[in-house]
Amino acid sequence: MKAGVLAVQGAVTEHIKMLEKCGAQGVPVKRGQDFSGLEALIIPGGESTTIGKLIRKFGLDRPINEMAAEGKPIYGTCAGLVLLAEEIEGEDPYLGLMNLRVLRNAFGRQRESFEAALEVPILGEEPFTAVFIRAPYINFAGPEVEVLCRFQDRIVAARQGNLLVTSFHPELTEDDRFHRLLLEMARDTSQKTGSKQDLQGNKKAAAAANK
Amino acid sequence: MVERGTYRVKKGLAEMQKGGVIMDVTTPEQAKIAQEAGAVAVMALERVPADIRAAGGVARMADPEIIEKIMEVVTIPVMAKARIGHFVEAQILEALGVDYIDESEVLTPADELFHIDKHSFTVPFVCGARDLGEALRRLSEGAAMIRTKGEPGTGNVVEAVRHMRMIMSQIQRVGNMREDELAAEAKNLGAPLELLREVKNLGRLPVVNFAAGGIATPADAALMMQLGADGVFVGSGIFKSLDPEARAKAIVEATLHYDDPQILAQVSKGLGDAMPGLDVATLNEGERMQLRGW
Chain A
1 MKAGVLAVQG AVTEHIKMLE KCGAQGVPVK RGQDFSGLEA LIIPGGESTT IGKLIRKFGL
61 DRPINEMAAE GKPIYGTCAG LVLLAEEIEG EDPYLGLMNL RVLRNAFGRQ RESFEAALEV
121 PILGEEPFTA VFIRAPYINF AGPEVEVLCR FQDRIVAARQ GNLLVTSFHP ELTEDDRFHR
181 LLLEMARDTS QKTGSKQDLQ GNKKAAAAAN K
Chain B
212 MVERGTYRVK KGLAEMQKGG VIMDVTTPEQ AKIAQEAGAV AVMALERVPA DIRAAGGVAR
272 MADPEIIEKI MEVVTIPVMA KARIGHFVEA QILEALGVDY IDESEVLTPA DELFHIDKHS
332 FTVPFVCGAR DLGEALRRLS EGAAMIRTKG EPGTGNVVEA VRHMRMIMSQ IQRVGNMRED
392 ELAAEAKNLG APLELLREVK NLGRLPVVNF AAGGIATPAD AALMMQLGAD GVFVGSGIFK
452 SLDPEARAKA IVEATLHYDD PQILAQVSKG LGDAMPGLDV ATLNEGERMQ LRGW
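Line order of the protein sequences matches chains A and B.
Residues 1 to 211 (the working numbering) make up the first sequence, in order.
Residues 212 to 505 (the working numbering) make up the second sequence, in order.
In case anyone wonders, no lab produced these hints; they're calculated from the structure.
Cβ atoms here follow ideal geometry from the backbone N, Cα and C, with glycine treated the same way.
Among the hints, a few may not be true.
[Unchecked claim] Below, computed lysine-lysine pairings styled on DSSO-like, alpha-carbon distance capped at 27 Å:
| hint | chain 1 | residue 1 | chain 2 | residue 2 |
| --- | --- | --- | --- | --- |
| 1 | B | Lys480 | A | Lys17 |
| 2 | B | Lys411 | B | Lys222 |
| 3 | B | Lys222 | A | Lys17 |
| 4 | A | Lys21 | B | Lys411 |
| 5 | A | Lys57 | B | Lys398 |
| 6 | A | Lys57 | A | Lys21 |
| 7 | A | Lys21 | A | Lys2 |
| 8 | B | Lys222 | A | Lys21 |
| 9 | A | Lys57 | A | Lys192 |
| 10 | B | Lys243 | A | Lys57 |
| 11 | A | Lys17 | A | Lys2 |
| 12 | B | Lys280 | B | Lys243 |
| 13 | B | Lys243 | B | Lys222 |
| 14 | B | Lys280 | B | Lys222 |
| 15 | B | Lys398 | B | Lys411 |
[Claimed, not checked] Across the chosen pairs, the derived CB separations fall in these ranges:
| hint | chain 1 | residue 1 | chain 2 | residue 2 | range |
| --- | --- | --- | --- | --- | --- |
| 16 | B | Asp471 | A | Gly142 | 38 to 46 Å |
| 17 | A | Asp92 | B | Met388 | 32 to 40 Å |
| 18 | A | Asp92 | B | Asn495 | 50 to 58 Å |
| 19 | A | Val147 | B | Val369 | 50 to 58 Å |
| 20 | B | Glu279 | A | Val147 | 32 to 40 Å |
| 21 | B | Asp322 | A | Arg62 | 26 to 34 Å |
| 22 | A | Glu174 | B | Asn387 | 21 to 29 Å |
| 23 | A | Lys57 | B | Gln383 | 29 to 37 Å |
| 24 | B | Val369 | A | Glu184 | 45 to 53 Å |
| 25 | A | Arg62 | B | Ala476 | 53 to 61 Å |
| 26 | A | Glu184 | B | Asp471 | 51 to 59 Å |
| 27 | A | Glu89 | B | Asp484 | 34 to 42 Å |
[Claimed, not checked] One-sided and incomplete, this derived list gives chain A residues near chain B with beta-carbon spacing under 7 Å:
| hint | residue |
| --- | --- |
| 28 | Ala11 |
| 29 | Glu20 |
| 30 | Lys21 |
| 31 | Gln25 |
| 32 | Gly46 |
| 33 | Lys53 |
| 34 | Leu54 |
| 35 | Phe107 |
| 36 | Arg111 |
| 37 | Ser113 |
| 38 | Thr129 |
| 39 | Val131 |
| 40 | Ile133 |
Construct the entire structure; sequences and hints are all you get.
Okay, structure coming up:
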């Protein structure tokens, strides 16, 4: 299983290490040709304005949209969540693939950044130690969005079809359950290949890729 | 339970800055230009290092009003500098809510014996280093990010190169050492043995290591990245150049595609004059900021 980590800027190596720990081949992706053969993609934490500008400048938004349209799973952490959202408060959206509205730096500045143990039912009973760094949260999620976790009544992890997002950074911990979930989603997709199943929530991505 | 200011949270912000460019700015307008160009953070200052050098006298923490105005106009993290050892300036910066404090040799040191105890703060610190020993001493005091010192305000990359090469070659050497050699090396470097062991196991510094001090062109930024930097600080290099907007953008793009000479050639075109440089050899000891701190 080959999984890419968008390597424009941010915590790239941490995600690659996590993927390898889960038995996948993790590769950095920063040019169009790097997308070939990927079965999943991670958009890591970093500065969303920086990554957003650079993916446009170097035409990486198109292959990302194509992956989403093909139903290949994409996982966005922190800045990755901001990039995938259809709406960003006070800013224009970037990829706009998920029916979410996000608020950036929503928990405050760095001195308010924190760690907390969260209940994430989809990952099992063991709480997940979540590291929030100037993190965003989701303040609106459309009906097709499955909420995976809330913290203080705010949505901090969600899934829509094959798109997965967290406000926090599993790659800064030893807990690889979100990465395993992503790889599981990728295996399910490749098993379905060939069938023309409608992958919920990806119609918009298909439209974007065809532009 | 919510835990703030853990070492993981402090280091984590620097991890998010990797592959990016942090730019010195002195006004809200410059901060907006930096953010628009794709900077991952800005360093809020009263003067850039080249002007600090020219002005002489004692250089101190910037006026909090300037820092606050810059914090108001950008959504990216804002860093600010405190004098070496001046823990009260650091307390003030933390109270203002800056995202990172640079305990910096660019300002006039306030203490010639002791650096700030950075463990006692919630906000993370970045510190300058010329070699592995200095980097690990700063880490033992609680720094969550390291940068090379270089020679600030010169537009001359030679010292940043020297410091990055020094740190990288020392890491490589440590990687081949036996445990008994490691103990002796810790003594030589003046660094804690546990941290040196961590460097040996990781094959790198346990925190993010940026390049700083003299970077003025896209090629300089790419050079530092190829030498192993995790990202770059550009101080005077942007707003002392002829066309800061274009140069800022070009340095961001060069930092991303540091290993692609075709793109580097493209982004280096038509930027106008870089900042005027200084030959580091003409500076006497008192003018060399890198010699501040230990």
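Going down the list of hints, with the structure as the test:
| no. | hint | result |
| --- | --- | --- |
| 1 | B:Lys480 <-> A:Lys17 | violated (37 Å) |
| 2 | B:Lys411 <-> B:Lys222 | holds (19 Å) |
| 3 | B:Lys222 <-> A:Lys17 | holds (17 Å) |
| 4 | A:Lys21 <-> B:Lys411 | holds (21 Å) |
| 5 | A:Lys57 <-> B:Lys398 | violated (49 Å) |
| 6 | A:Lys57 <-> A:Lys21 | violated (32 Å) |
| 7 | A:Lys21 <-> A:Lys2 | holds (13 Å) |
| 8 | B:Lys222 <-> A:Lys21 | holds (21 Å) |
| 9 | A:Lys57 <-> A:Lys192 | violated (34 Å) |
| 10 | B:Lys243 <-> A:Lys57 | holds (19 Å) |
| 11 | A:Lys17 <-> A:Lys2 | holds (13 Å) |
| 12 | B:Lys280 <-> B:Lys243 | holds (11 Å) |
| 13 | B:Lys243 <-> B:Lys222 | holds (26 Å) |
| 14 | B:Lys280 <-> B:Lys222 | holds (26 Å) |
| 15 | B:Lys398 <-> B:Lys411 | holds (15 Å) |
| 16 | B:Asp471 <-> A:Gly142: 38 to 46 Å | holds (39 Å) |
| 17 | A:Asp92 <-> B:Met388: 32 to 40 Å | violated (52 Å) |
| 18 | A:Asp92 <-> B:Asn495: 50 to 58 Å | holds (51 Å) |
| 19 | A:Val147 <-> B:Val369: 50 to 58 Å | holds (54 Å) |
| 20 | B:Glu279 <-> A:Val147: 32 to 40 Å | holds (36 Å) |
| 21 | B:Asp322 <-> A:Arg62: 26 to 34 Å | violated (54 Å) |
| 22 | A:Glu174 <-> B:Asn387: 21 to 29 Å | holds (28 Å) |
| 23 | A:Lys57 <-> B:Gln383: 29 to 37 Å | holds (35 Å) |
| 24 | B:Val369 <-> A:Glu184: 45 to 53 Å | holds (51 Å) |
| 25 | A:Arg62 <-> B:Ala476: 53 to 61 Å | violated (24 Å) |
| 26 | A:Glu184 <-> B:Asp471: 51 to 59 Å | violated (35 Å) |
| 27 | A:Glu89 <-> B:Asp484: 34 to 42 Å | holds (40 Å) |
| 28 | Ala11 | holds (5 Å) |
| 29 | Glu20 | violated (15 Å) |
| 30 | Lys21 | violated (15 Å) |
| 31 | Gln25 | violated (20 Å) |
| 32 | Gly46 | holds (5 Å) |
| 33 | Lys53 | holds (5 Å) |
| 34 | Leu54 | holds (6 Å) |
| 35 | Phe107 | violated (10 Å) |
| 36 | Arg111 | holds (5 Å) |
| 37 | Ser113 | holds (5 Å) |
| 38 | Thr129 | violated (9 Å) |
| 39 | Val131 | holds (6 Å) |
| 40 | Ile133 | holds (5 Å) |
Against the hints set out earlier in the document, violations occur for numbers 1, 5, 6, 9, 17, 21, 25, 26, 29, 30, 31, 35 and 38.
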